[in-house]
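Trainee: Line by line, the protein sequences give chains A and B. The number in this note's numbering is simply the position in the first sequence, starting from 1, with 884 added. The number in this note's numbering is simply the position in the second sequence, starting from 1, with 5 added.
What the hints contain is simulated information worked out from the structure, not anything from laboratory work. For every residue, glycine included, the Cβ atom is placed at its ideal position computed from N, Cα and C. One should not assume that every hint holds.
[To be verified] Where chain A lies over chain B, by a calculated footprint (3+ residues, C-beta under 8 Å):
{"id": "1", "region": "318-332"}
{"id": "2", "region": "344-355"}
{"id": "3", "region": "365-376"}
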Amino acid sequence: MSNLSERSLLDTSKNIWSKYSAVFVFIILFAVCTLLTGGDFAEWNNVTTILRNASTIGIIALGMTFVIISGGIDLSSGPVMATAGTVLVYMQGSGIPLIWSILACIAVAAAFGFINGIITTKVKVPPFIVTLAVGIIARSITMYICTGATVTGDNTDTFFKSIGNGKILSIPTPFIIMLVAAVIMTILLVKTKFGTFVFAVGCNETAAKYSGIKVDRIKILTYVIAGICVGIASTVEISRMVAVSSTTTGAGYEFDAITAVLVGGTSLSGGRGAIYGTVIGAIILFFINNMMIQLDVSTYLTGAIKGAVIMIAVLLQARNK
Amino acid sequence: MASLLEMKNITKSFYGVKVLSDVDFTLERGEVVALCGENGAGKSTMMKILAGVYKSDKGDIYLDGEHLSPNLQALDMQNRGVSMIHQEFNLMEHLTVAQNIFLTREPLHRNGLINYKQMNTDAKELLVSLGESGIRPTALVSSLKTAQKQMVEIAKAISFNVKVLIMDEPTAMLTMKETEILFDLIRRMAKKGIGIIYISHRLKEIKAVCDRVTILRDGRFIVTEKVSELTEQQIANYMVGREVNVSKATDYTGDPDDIILDVRHVSDSLLKDVSFTVKRGEILGFSGLVGSGRSELMEFVFGIRKTKTGEIYLNGKQIINKIPASAIKRGISFVTEDRQQSGVVIKRDIKENINLIDQVKNKGFINKASKQKNNTARMIERLNIKCAGHSQLVSNLSGGNQQKIVIAKWLLVDSDLLIMDEPTRGIDVGAREEIYRIIHELSAEGKTIIIVSSDLTEVLSICQRVIVMHEGAIKAELTGEDRTEEIIMSHATNAS
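With the rest of the complex left out, here is chain B (with noise of 0.2 Å):
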């Protein structure tokens, strides 16, 4: 008997940059295989070819032994019983948990109106089968917590009749106990004979849940092997393709007593009495899961997010940030977690986005062309931005040249302290050596810089010190021999 699925010689560019060549995975029949690599490594890509979300350029599947056309879309793929559930949830809001499991199957009356009291019972029934009794199918979604939105996920999936199911980095915002619940619901899944694909950093999750691992590295198959022949360590190292933790940052050794910022009692519905320095030219990490209010911590540093209590110090001085327009004039730069959204104006150009800040920040009223056009080279060489020219829209731009976009339009007024969150999410291994070697020419210069990063290896290679966040809370601050990859996941989800 064939294999549940096969994907045979993989192949996809993005704007001439391979993310995937020629890579293998199979899945069996109730099985279920992690697929591990580091951000960037092509994992998400793979999965979004299987599940129709991109064509491949080359390459093949077969889902129970037969061909199946590259042409396919996400719906095709999700008759066929293929389904992804994405980190960011699919689910519309303002509709039922019941209208969203049946979103486009809606059983109707004879005379066509929707048959919703059969839709309500179809979904509860489903729901009680992946033991979770406690949602109604007519609450609205925008009601539920992020478990039980993950629920109303699995169960849309499975609606599906699916055979194959796609979880990317699925207890990213769960506890421990909602972790596992779902281990639990997972471990069931597969004894029904659904194959199911694991995405996720977490090794020791891995290890609980998962019977082979398959490993990506830089967009190519490096090796799957079962879970239970591999150490933790040894997943680790093939997945950076190197011995790790021999790259760990060096400690603070500057001036202990030359605090720049120094952020005190922080709270608000999120944030628990959050306080907080950083010292001049030092590289600080804040580490925790998402959710954990690391962002919303930098909000209120940057004069976005309004808290009820908190106060903050910038070289000494009580200041107070309204907006971020005051927070940037007095040194304090923001690169943010989600280009796309609240880095880039995307469809403008390179030159009009890299002086962006640097208009806000200085004074007069007529663009002064030259200067903006010295600045646009400027930053494009200093960055290694790979761009047709000043005038390309950025939309154009890969992810990695995006990011250094909104790097530079930063770097162009020259600030102080440097907040960036998530620097490095989504974009390719190249692109993230530089950014690293920018941060640390930056710290050289004596600038500093806070970094919020998920990416622990990125966290302990270049963070002097690292505080962790757990629930809005620190819970815990690291430096010297304690910045390890286990004493960071176990205060993140306070397990310990």
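Chain A on its own, in the form it takes in the complex (with noise of 0.2 Å):
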């Protein structure tokens, strides 16, 4: 009988552990930073440049959590982000109303997504062909509109320019736009039926179309989340100079992305996975950015340590299955 709840409990701060891996990893990650750089990385403006970097892919990061449970994965985001962001410096630079330049730019990274969805559902194609296609048409015509340069807007909208630059409550506006979209992801992943058919998507997708899941619809519905969550990282990121290099604008924000997700839990096989997981892991990624500035590092090896991190982190969930 001892024994048995002894084994109980190890299997409980086992479950923790695995459940919480993020939570843990992040809070020994800030202790270790702290240590090193003597309290500086502590500071408040250190950690709202943090925050505010970090938003950028976490808004991203989001989406995908949704088409990686689903058992997907989306490799256009960082081109789409350009494509969409292109579309809005144009309108806004043009004179049309912020808000109608805002919800095209995020319609034009829903309808992507919405691409993606298709293709991969209908046609049938494996998901990390269709987006890595898509990724690289979107590129390509981002290039073409902007003759390959880069493009700005109205670069006096200070409304505009405080979506990406401003605070609210000395909280930076950009972190706040992802916690806001952070939590009604969580609640449409857990509280909703919708989810529940992600997760029983990406864990069984036999099941699920046995147990009248309609497995296309929900699959595309989370590519078109996807392409949502790029377009309002695009409106944040673009607003903070009013610039979209059409060749380097988002270039690598995909993996980054993926990178968050993964650290933060979420199951690359799907079936598995939470959002706050998610923001925590694009968090973590530009703890090790900062850190590296902050001690001196050269930027050519930030690299080499977020790898190691994503080994790590995904190391540390496999062991725990």
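Assemble the dimeric complex from its two separately framed chains, guided by the hints.
Mentor: This is how it looks when you write it as structure tokens:
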């Protein structure tokens, strides 16, 4: 009997670790960073910088979480962000009301998500290939529209600029946007039947289909949600400079977003994951960036550390399975 | 000289449920021994322990008089000459016949590359020695027929210098003629001194090909006896532990004109102009061999399988189920055959699984937590599901309880027509009895139930009418006194 309770205690602690490993990694990393920088790291100014920088990737990663839980992947986020951003800057620059410009930006990104979803489900091409191709096409279209250059909008619009640069109650606006989005996404994933179906599809597509779930529709919706998130992220990112570089805006963001999702504890094979983990995952990534700068380590080494973090995070989860 | 194989006091539990207790088994050189028992009697577990797939909790295995360590894995056992041919073949569909036979033991050139010429010659030799010259070693396994795939499995086992060959339901998917060829091969292998363990439900086959029969029931050794000393009836009685044929289901007593489902002229690549009806409150059974088209027919009714022709009338009105969701909305439930594949969402919890269909069927976007909690509690009680709580993962449940979860999620939506495909496969006797109890309760409530089952005892004891299918067509429809194991079997194998 005592053996049994000991075992269940061990199981419980193992469960807690596996469920909240992202939180633990976050706390440990924060402590280590603070110690290494002699407290500079934990300064409010520095913290807000991290949060502001993490928000764009974080918002993209929220949508990515849905896609990955349902068993898919989206490699088009970065390029689509540039395309949608170009639309935003052009419309805003030509005097169209900001709200319409932003809505158009989100709609364009959502449309790309819809295309990803339709081709993945109806033509049955693996999402890795579909979204890779759509990403390449989106980047190319952006460069064609901008003739490979950087385009700028109306730089005098202070409200627009405050979306990316401002603060509310001394908290960076982008971070607040991310938090609000994260709360909505959590409700969608945990409290609605759509969320339940996303998990079911990612766990066992056949069982989901036989249970009467419209699997294709669920998958398409996850890509559309990912698109909407890319549109919001684009608005936040573009508003900081009111400019889009057709070649570099959003470059590599899809991989940063996937990294954030995985570090946050979502399973790449689908069926398991949580939104709060993704938020923490995104912040952890920018912790690392920030610490490298604070410690005066060559920025060329950032990738090496990021790569190691991904591997450690995934290994920790695999061990606890 | 010691026996070829001796297994002594084998004991094994899963999730605290004892599936084998102190079972003994022996096999001599050149002997064909049948291992018999109902589903869940422990045959497969026993053989998987022998093949190194499972580790026994207790007990000893001696091969050629040598005591084997309980820690040997499947590959170690194969290298020692124990091979098992599973009902679902273990072949790589996209590799060639020769590649499959010599997987992990490929003959190499000096430079380390695979010597395909040698490999194909060796494979050819093996296949010819089995009397099977029609299979090319370079053919892809995916291009072979079922019987040919089985030959490849046998060739693979023999290439390991097999001493003990375990065959799990080897004739389940074979035609009569293919079965004869297989029996001939079994006899020749036995002559060479190979010991063969033959697992089957088909008593006629056991009489035809086996020397001795060992019978298990509820995880216990019951008897071992020369086949010539026992009649089929005696073997059956030992298997179930009581006189069989007593509890045959009574005939349908409801209104014969009250037809709830009328399916007409279903044809496609497998199904051949199939039509049938079922009456309200009736329990209708579909019997036949694996691959006879029973599941496919049900998949058509449920909107999963597309066919060339076919009409469905529900309560006299024609309906078209393009997707499962429309079938569910019309009050049809479908407990699928393979609970792991298509039944449960195994990595999620009990509550989520039980409420899944209800969520599909009902409107509303936000989950109603209290309603879900009530539903879950109600179903756990009604089906007597043994679990630690609502949020226990389904993957931690035993097979019988997982099956109850599948049934629970379909019961929750209160359908008028419940299709159950192999509702009790691979679950223990206790759980099976409970599922039968639920089926009878539902029938008494006026629900209609269609049961697809390969378990003849099951079909006979709960189905009021039995339709027998063979190669995609309906061969017979049996009621009353015509419902016997022999008559069903002869139609299923097209013997009559």
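Trainee: So, for every hint listed, does it hold in this structure?
Mentor: Consistency of the hints with the structure:
no.	hint	result
1	318-332	holds (count 4)
2	344-355	holds (count 8)
3	365-376	holds (count 6)
No hint from the list above goes unmet by this structure.
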